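Going by this note's numbering, the first residue of the sequence shown is number 1, and it counts up by one from there.
Bear in mind the hints are in silico, worked out from the structure with no lab data behind them. Keep in mind that this is a model prediction, so the values were computed, not measured. No false leads were mixed into what you were given.
Only pairs whose alpha carbons sit at most 20 angstroms apart, straight line, appear in this in silico EDC-like list of lysine to aspartate or glutamate: (1) Lys153 / Glu168; (2) Lys37 / Glu189; (3) Lys37 / Asp81.
Here are the in silico distance ranges between beta carbons for each label pair: (4) Thr56 / His105: 38 to 44 angstroms; (5) Phe25 / Val116: 32 to 38 angstroms; (6) Tyr135 / Arg98: 29 to 35 angstroms; (7) Tyr135 / Leu111: 32 to 38 angstroms; (8) Ile50 / Phe25: 20 to 26 angstroms; (9) Glu168 / Gly190: 28 to 34 angstroms; (10) Arg13 / Asp97: 44 to 50 angstroms.
Think of the CB as a built atom: it goes at the ideal place given N, C-alpha and C, for glycine as much as any other residue.
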Amino acid sequence: MYLRHFPTLPTHRPRLASFMIPIIFAVWWSFTDDTEKIRSVCGAVIYAFIESAYLTFHEGHFNSTFAQFWCNIWYHPIVMDVYRRAAIPALTAFLLDRSDLLRFHFDHDPLVLASVLAVCLMPINIWCLEAVQGYLIILLYGENIAWDYSYSKFSFAGGNCNLAMVVEWLVFGLALERIYWPFIVPVFEGRSVGVGAAEYGIWF
Numbered sequence: 001m002y003l004r005h006f007p008t009l010p011t012h013r014p015r016l017a018s019f020m021i022p023i024i025f026a027v028w029w030s031f032t033d034d035t036e037k038i039r040s041v042c043g044a045v046i047y048a049f050i051e052s053a054y055l056t057f058h059e060g061h062f063n064s065t066f067a068q069f070w071c072n073i074w075y076h077p078i079v080m081d082v083y084r085r086a087a088i089p090a091l092t093a094f095l096l097d098r099s100d101l102l103r104f105h106f107d108h109d110p111l112v113l114a115s116v117l118a119v120c121l122m123p124i125n126i127w128c129l130e131a132v133q134g135y136l137i138i139l140l141y142g143e144n145i146a147w148d149y150s151y152s153k154f155s156f157a158g159g160n161c162n163l164a165m166v167v168e169w170l171v172f173g174l175a176l177e178r179i180y181w182p183f184i185v186p187v188f189e190g191r192s193v194g195v196g197a198a199e200y201g202i203w204f
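Kindly produce the complete structure, drawing on both the sequences and the hints.
Have a look at this one:
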């Protein structure tokens, strides 16, 4: 895999980068345990290959960027754990408490509703990631050297996000529910794997 601009470090604002990046990773280090740190690094590596495969299929070149790699490491706990283990359960409880219709259909098994919400809201979760990471990269590098959606009429947030990617992010969310949470995460955490301990996951 070829990493574009590898091993590029921020040169647009090097002093600001030398101040911000250590703080960002110090916060990441302080608020994650050893398992989460390993999953963060592994997740960044895996996504680099996913991105490369996607670009190979759509654009004919197999590559990723170091800038996106280090951003994905510290953002991984937010896009995964905060989203799926905090935001989605809180939203599920909120909706069940206020909707008779949802309570009638899902009160006996709120995990199903949580999985549906996790998949359906994944595009918003990813767009938040792209906006935060994209503007950070622009701030430190002078431009977003990792990706650019400005070619699309559906782009927003300075070309960092693209509404046209909604289908891809829904598929990504479904893959997390079907594979990542029920099979991969339990391996890292030393728990039983699969549907037998269905803490997460749509199974149909």
